[in-house]
Amino acid sequence: MYVNVNCATLHGVDAIMVNLEVDLTRKGLPGFTMVGLAEGSVREAKERVFSALKNCGYKLPPARITVNLAPADRRKQGAAFDLPLALGLLAASGNIEPTQLAGVFACGELSLAGELKPVPGVLSMAILAKKLNAESIIVPWNNAGEAAAISGLKVFAAKDLNQAVGALSGNLAEYLPPAEWDAAVPVGYPFDFSEVKGQEHAKRAIEIAAAGGHNILFAGPPGSGKSMLAQRIPGVLPDLLFEEALEVSKIYSIAAESGEFQGISRTVDGQVSGLIRARPFRSPHHTISYAGLAGGGGIPKPGEISLAHCGVLFLDELPEFPRAVLEVLRQPLESGEINISRAGNSLSYPARFMLVAAMNPCPCGYLTDETHTCTCTPKQVQAYRARLSGPLLDRIDLHVEVPAVAYKDLRSSTPGMSSAEMRARIQAVRDIQTKRYEHCSATTNSELSGKLLEEFAPLGRAEHDFLETAASRLGLSARSCTRIVRIARTIADLEQQADIHTQHIAEAINCRFLDRVTG
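End of the sequence shown sits at 948 in this note's numbering; the numbers just go up one at a time, nothing left out.
Bear in mind the hints are in silico, worked out from the structure with no lab data behind them. Just to be clear, a hint being listed does not mean it is correct.
What the hints assert, rightly or not - Below, in silico cross-link-like pairs of lysine-lysine (BS3-like), each with a Cα-Cα straight-line distance of 27 Å or less: (1) K632 / K864; (2) K559 / K546; (3) K808 / K880; (4) K632 / K837; (5) K632 / K475; (6) K546 / K483; (7) K456 / K483; (8) K880 / K864; (9) K546 / K588; (10) K475 / K488; (11) K456 / K488; (12) K583 / K546; (13) K560 / K546; (14) K588 / K483; (15) K583 / K560; (16) K588 / K559; (17) K559 / K583; (18) K837 / K864; (19) K456 / K475; (20) K588 / K488; (21) K546 / K488; (22) K626 / K880.
Based on the sequences and whatever the hints tell you, model everything.
See the structure below:
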């Protein structure tokens with residue numbers, strides 16, 4: 430008997446339809462053959478599935494079994510084919526009615542005892558099932574929350590093979606998520622800017638960066654609070670839209686990290702529930718490899734820049750990262766995605782993030798610290814800063830000095846501006862930009878260039894003269910001047926001003942520390 434089961438394989442962050450075809454015949458010698466460009470973990474499904482069927486009380490007759498994974502020219506990998514294969518064998522052998530598989534998607538890994546284990550990428554598979562007008566999808570219990578985030582698709586969460594079979598015969602209730610998506614529900618973040626003492630200039634720079642979608646670099650001595658400031662940035666960014674939350678959740682589902690992403694995913698009875706609602710914050714160590722940052726590997730997975738999608742990528746001790754690793758940031762900072770090419774395979778992962786970096790002003794760290802003596806020579810300082818390429822620095826709009834905090838500021842009982850206050854101001858500016866760029870390609874001020882910059886950030890005669898004088902005295906490049914105008918546009922928006930004035934340009938220049946140092 431011939432049967433067909435709907436399932437999927439992953440390609441990047443998306444799922445691709447796979448028809449798992451099973452042909453069982455009693456003619457000829459008994460045997461098992463799997464074709465369709467299956468990788469090792471898929472070929473091994475035979476042993477897991479046959480053992481699971483036996484231990485769950487199902488019997489297969491001696492027969493010649495042929496399994497085809499179509500399309501045959503697309504590589505299939507992962508253990509998600511275990512459950513579709515088991516259901517296909519049961520239908521082909523007459524243990525269940527083949528008609529019960531119509532309109533049903535299935536995915537899941539089986540243990541030898543028949544228990545269903547979670548698999549990565551279920552959210553992408555559920556999106557594909559909905560797109561192809563499937564009626565339902567059967568998933569492992571631990572993957573139920575992400576699959577149920579897709580409305581209009583019945584989700585059956587099974588703990589073992591018997592429950593999966595029960596879902597086909599109507600003996601398993603549909604899984605209902607504990608809560609629907611609600612944009613009005615506040616997202617909790619563990620850190621708040623009211624805890625930061627002093628550093629008002631740095632907090633102002635963060636407000637500008639977050640409001641305009643600009644990248645930012647902190648430079649200051651050890652212990653000045655650079656990491657503390659960076660950790661609090663996700664809490665002042667606008668909430669994720671549903672479409673953004675869907676993208677982020679797809680990435681974490683494929684990376685199989687959603688259940689470990691503390692403070693982001695909601696959990697109910699220990700199971701991951703719904704979509705990731707808070708903006709990611711990723712802080713990889715400077716020893717990270719190229720593949721760890723960009724993504725890839727033997728079994729391709731998203732890297733840190735994709736896990737930071739729609740959130741913050743914080744690179745502490747920026748000059749300590751290998752230069753070749755840092756250069757991989759150049760493409761995603763421009764295009765918002767990372768392309769990974771391997772032999773016979775090419776993948777694209779989303780990577781639209783806010784880059785926040787931190788560095789010491791010199792190798793010892795105390796060049797700008799009035800309370801410590803710097804032991805570095807000018808040549809050492811120059812070599813230290815030369816570790817960062819010009820093209821990479823050109824993609825960072827704000828360079829901000831973060832001085833050491835005085836003891837009197839640490840002892841101050843006056844609370845600083847809270848994250849909620851900053852967030853309200855930033856949201857107001859983002860709303861202005863959403864309306865302003867409604868009919869063009871840009872979404873934030875950081876994306877303005879060419880004609881868009883001239884149209885939405887025009888300068889008056891006095892502002893042109895001021896910027897020209899500054900460029901001459903500081904030796905600013907044309908690219909630096911463009912970034913200064915972008916920053917000035919954001920500052921004017923924060924001040925609820927339609928036009929850019931001289932004071933806005935002056936503050937923008939003050940946010941370009943490295944221009945003044947190296948210019």
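Please name the hints from earlier in the document that this structure breaks, with their numbers sorted from lowest to highest.
Violated hints: 3, 5, 18 and 22; rest satisfied.
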